[in-house]
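Student: Those protein sequence lines, which keep their order, are chains A and B.
Read the first sequence against my numbering and you will find it ends at 361, with the numbers running on by one and no gaps.
Read the second sequence against my numbering and you will find it ends at 534, with the numbers running on by one and no gaps.
These aren't lab readings, by the way, just hints derived from the structure by calculation.
For glycine and all other residues, C-beta sits at the position ideal for the given N, C-alpha and C.
Any given hint might turn out to be false.
Where chain B lies over chain A, by a calculated footprint (3+ residues, C-beta under 8 angstroms) [what the hints assert, rightly or not]:
1. 54 to 61
2. 171 to 177
3. 186 to 200
4. 276 to 290
With the Cβ distance kept under 7 angstroms, some of the chain B side facing chain A (calculated, not the full set) [unchecked claim]:
5. Thr14
6. Trp18
7. Thr20
8. Gly136
9. Ala311
10. Leu315
11. Leu328
12. Thr331
13. Phe356
14. Ile370
15. Leu433
16. Leu437
17. Ala441
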Amino acid sequence: MSPLATEAAGNDLLRRALFLPEQASTLAPQIDFLHYLIIVTTLSVGLTIAAAFLFMVVKYRRRSESDTTPRFTTPLWLEATYFGLPVTLFLAWFVIGFCDYVAFAEPPRDALDVYVTAKQWMWKFAYPDGPASINELRVPAGKPVRLLITSRDVIHSFFVPEFRLKHDAVPGRYTQLWFEAPRPGEHPVLCAEYCGLEHSKMRARVIVMEANAFQDWITAEKAKLVADNGLRDAQPPPGAAQQASLREQGGAVAARKGCLKCHSVDGTAHIGPTWRDLYLRRERLEGGGEVIADEAYLTESMMDPAARVVAGFRPVMPSYRGLLTPGETAALIEYIRALRSRDVTPTPSEGPVYAPASGR
Amino acid sequence: MRQLPADEASHQPPRDGVAPAHSYLDHGTTVWSWLTTKDHKRIGVMFLGSVLLMFFMGGVFALLLRLELLQPQPSFFDGLTYNRLFTLHGVTMVWLFLIPSIPTTFGNFCLPLMLGAKDLAFPRLNLASLYLYWFGALVTLFGMFQGGTDTGWTFYTPYSTTSSVEVLPVLVGIFILGFSTILTGVNFIVSTHLTRAKGLTWRRIPLFVWTIYGTSIIQVLATPVLAITLALVGLDAGFGIGLFDPQRGGDPVLYQHLFWFYSHPAVYIMILPGMGVVSELVCAFARKNISSYAAIVISTLGIAFVGFFTWGHHMFVAGQSVFDAGAFGVLSMLVAIFTAVKILTWTTTLYRGSIAITAPFVYVAGFIFLLFFGGMSGVALATTSIDIHWHDTYFVVAHFHFIMVGASLMAFFGALHYWFPKMFGRRYPEGLGIGAAVLIVFGFIATFLPQFLLGNAGMPRRYFTYPEQYQPLHVTSTAGASLLGFGFLIIALYLAWSLRWGKVSGANPWGSRGYEWLTPSPPPLHNFHEVPTFERDVHDYTVPEAGHGA
Chain A
2 MSPLATEAAG
12 NDLLRRALFL
22 PEQASTLAPQ
32 IDFLHYLIIV
42 TTLSVGLTIA
52 AAFLFMVVKY
62 RRRSESDTTP
72 RFTTPLWLEA
82 TYFGLPVTLF
92 LAWFVIGFCD
102 YVAFAEPPRD
112 ALDVYVTAKQ
122 WMWKFAYPDG
132 PASINELRVP
142 AGKPVRLLIT
152 SRDVIHSFFV
162 PEFRLKHDAV
172 PGRYTQLWFE
182 APRPGEHPVL
192 CAEYCGLEHS
202 KMRARVIVME
212 ANAFQDWITA
222 EKAKLVADNG
232 LRDAQPPPGA
242 AQQASLREQG
252 GAVAARKGCL
262 KCHSVDGTAH
272 IGPTWRDLYL
282 RRERLEGGGE
292 VIADEAYLTE
302 SMMDPAARVV
312 AGFRPVMPSY
322 RGLLTPGETA
332 ALIEYIRALR
342 SRDVTPTPSE
352 GPVYAPASGR
Chain B
-15 MRQLPADEAS
-5 HQPPRDGVAP
5 AHSYLDHGTT
15 VWSWLTTKDH
25 KRIGVMFLGS
35 VLLMFFMGGV
45 FALLLRLELL
55 QPQPSFFDGL
65 TYNRLFTLHG
75 VTMVWLFLIP
85 SIPTTFGNFC
95 LPLMLGAKDL
105 AFPRLNLASL
115 YLYWFGALVT
125 LFGMFQGGTD
135 TGWTFYTPYS
145 TTSSVEVLPV
155 LVGIFILGFS
165 TILTGVNFIV
175 STHLTRAKGL
185 TWRRIPLFVW
195 TIYGTSIIQV
205 LATPVLAITL
215 ALVGLDAGFG
225 IGLFDPQRGG
235 DPVLYQHLFW
245 FYSHPAVYIM
255 ILPGMGVVSE
265 LVCAFARKNI
275 SSYAAIVIST
285 LGIAFVGFFT
295 WGHHMFVAGQ
305 SVFDAGAFGV
315 LSMLVAIFTA
325 VKILTWTTTL
335 YRGSIAITAP
345 FVYVAGFIFL
355 LFFGGMSGVA
365 LATTSIDIHW
375 HDTYFVVAHF
385 HFIMVGASLM
395 AFFGALHYWF
405 PKMFGRRYPE
415 GLGIGAAVLI
425 VFGFIATFLP
435 QFLLGNAGMP
445 RRYFTYPEQY
455 QPLHVTSTAG
465 ASLLGFGFLI
475 IALYLAWSLR
485 WGKVSGANPW
495 GSRGYEWLTP
505 SPPPLHNFHE
515 VPTFERDVHD
525 YTVPEAGHGA
């Protein structure tokens, strides 16, 4: 067997022995490698200690009730080993693990974005330029996907065992997670954070499609949306917004909630900064400092506008906390992202931010 | 038959079936005399009875959960009942059993004996601590049954603050229990500082005292934070101040930080006393001095200190920054290194010893083995990357049960067997004891090893129903749990029997040279007929028996 085949067979053997599910993301083999390394080392060390323990129990068994024993204290070199050996092992594992952790925290720049909203007890997936679906996430094979996750009520956790991935869905925040599934297939999604009565039934699935098939599917869904929109009047009924693409919904929300009274979308100056090319722009702040207008900053500016005001503008914007649903927030962000003249690639958000969680 | 110490032997020699005369057990036998006692030994015994009752209740809840999990579909209970049961199991085991378990029972009983003192520094405070415990336990259990709390023992917001169930009474109960913990901790710290007999310097006090001392420091420092957190959750749930509710501008993850700032050190409250017990038992049954007193003491204090800086490892996937995750990961590993030093030191202590296989020693072996694997799985979780997969799965459940049940409970039962003759002056049937201990260790492995594998396979925690592929491992785990239950039943039966009909033990049935054995068993009311001189180091077996104990 070639070294590659041997490695694959070894991987498969260990994976099955540990009851791990198949490796369906590009990250899974990395996580499993560290897992194998730790389990093999731990078992070897554990067996060595157990053997030494048993050996001494037999060799130094009690001969009489009044045995005396010599005084023995651990010599310094042995003490140093007791400390040094675990330090070395643990730190080596930590370096491997933390490098992986950092890599998982930073999505590639060309990732496809999908907005995930959790609620008791279902998952909703929305594409920037496509439809939304319930409990079914379709993604293309061989392309990185970034999930922007939030919750409408309590904390949930998006967990795909076959991807070895998980991230909490926290109400009031967008958190992110990315993955790349190399092969088409279907994988269960479970909720890992206890969220009430139907927690164990809050399941969904990821359907990984061939890139072409995915493209066809999303095109077809878009066409359906256009057709639906064509049938509607200029003033769509309230529920209908659900079917429009996230970007279009964002435009509607901006108009409905009065955002456009202060923010322009064509680059002209107004009471607030223009949304044209705002996304990922480096802004100087009132009172010093700079910020990149990423998802985190945009959400913060909706919920807590006075926190960081762009230089040259007055802090007059009211807070929209409680006035925008998570879906509307996502739509607005997507709308602002669409308002860029040249292609700007997404970068990881700076961290969790506040967003509203209204209704449940 | 062993010789009794001169002063005891001058009374009539005890016959089998007759309790040794003039012990703390004989000074007043009415219920009232027990309820109003200020004797640390009686308070310890009452705590022992109380926590054993709680352990029994928590165990029954656990068995009910395991029964339900035999099948992927609902079988015995509905979802709500299941969720309430695992909350009951967690709350009972953590706050009513594990946290008070070793310190309030064996700590209470042995600390003054080991220090050569007549009692703890504040005997009345000690009794107050017992009453607070009873009161807190009643309020907590009443709240659980009345309000039907289904939040899990972690009370994560915003679920706990916004769900329709009543959590306030439970929070009040735990709040009260916290004061019991703080009072006990203060008492132990002061007693260790001020009541040591002449000659008993800091470098000579028994290792069990060191761990109780370390634990008490954690209790006194961390418990107030729990009280603050619970009060804030109460205000959130009852009055809607919205500190943890994003709808009102609050932050649910802030709650997790506050909660784990207490609850992670609380894990060390549960395990440190167990480590102290094992340090005593290893020496006693190997007839050997500890191979490095300094290593054990430093690692004890190290765990107590570093344990305060690891809480963030509960939030690797909750949206914590990458830097925080790295920092908490490294600090968590440091705690594990202290534990590793202890495990290796205990093992080295066996070298050139004189080892007796007894029930307590079987628990010690089980403790070391299970602590090793429980600890290593903790290290694996602290690598941050694998935790992304394991977080909130059965792997974590198995990990902390290895520590809290595997290790802490083994230590508790080891201590119970070792100090049973000290407390009651009678012996339990040793053969039966060894058999039950072996059954417990293997039952434990059969229960929780499959749960590691379930976690690997991706089974999340707190699932009432589950995908079918997980069933075989669940069935194995339930089988193991019934073995465990059977083992505990045997122990309960023979210990109850031994209380009345066990062979009279004499002052020092183990030939141990721990300081607590310098006085008769059971000890007289004021512990010593005359204060011992402590001229030899604790567990010094280099010279043949003199007038020492036996």
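Student: Now, for every hint given, state plainly whether the structure supports it.
Tutor: We went through each hint and held it up to the structure:
Counting residues of the region 54 to 61 of chain A whose CB falls under 8 angstroms from any CB of chain B gives 4; the rule of at least 3 is met. Taking a C-beta to C-beta cut-off of 8 angstroms, the region 171 to 177 of chain A contributes 5 residues in contact with chain B, enough for the three needed, and the coverage statement holds. Chain B is given as covering the region 186 to 200 of chain A, and this holds because 11 residues of the stretch bring a CB closer than 8 angstroms to a CB of that chain, at least three being needed. Here's how the region 276 to 290 of chain A fares: 0 of its residues keep a CB closer than 8 angstroms to some CB of chain B, so the rule of at least three is not met and the hint is violated.
At its closest, the beta carbon of Thr14 of chain B sits 40 angstroms from a beta carbon of chain A; the interface hint therefore is violated under the 7 angstroms criterion. About 36 angstroms separates the beta-carbon of Trp18 of chain B from the nearest beta-carbon of chain A, more than 7 angstroms, and the hint is not met. Interface hint at Thr20 of chain B: violated, since its Cβ lies 41 angstroms from the closest Cβ of chain A, which is beyond the 7 angstroms cut-off. The beta carbon of Gly136 of chain B comes within 5 angstroms of a beta carbon in chain A, closer than 7 angstroms, and the hint placing it at the interface holds.
The interface hint given for Ala311 of chain B is violated, since its Cβ lies 10 angstroms from the closest Cβ of chain A, which is over the 7 angstroms cut-off. Among the interface hints, the one on Leu315 of chain B is violated; its C-beta lies about 11 angstroms from the nearest C-beta in chain A, farther than the 7 angstroms criterion. Annotation: interface hint on Leu328 of chain B holds; nearest CB of chain A at approximately 4 angstroms, less than 7 angstroms. Below 7 angstroms, beta-carbon pairs count as interface contacts, and Thr331 of chain B has one with chain A at about 6 angstroms; its hint therefore holds.
The criterion of a C-beta within 7 angstroms of any C-beta in chain A is met by Phe356 of chain B, whose closest approach is roughly 6 angstroms, and the hint holds. Using the Cβ-Cβ criterion of 7 angstroms, the hint placing Ile370 of chain B at the interface with chain A is satisfied: the shortest such distance is roughly 6 angstroms. The restraint placing Leu433 of chain B at the interface with chain A is violated, with a minimum CB-CB distance near 11 angstroms, outside the 7 angstroms limit. The closest approach between the C-beta of Leu437 of chain B and any C-beta of chain A is roughly 4 angstroms, which is under the 7 angstroms cut-off, so the hint is satisfied.
Hint status for Ala441 of chain B: holds, given a least beta-carbon distance of 4 angstroms to chain A, under 7 angstroms.
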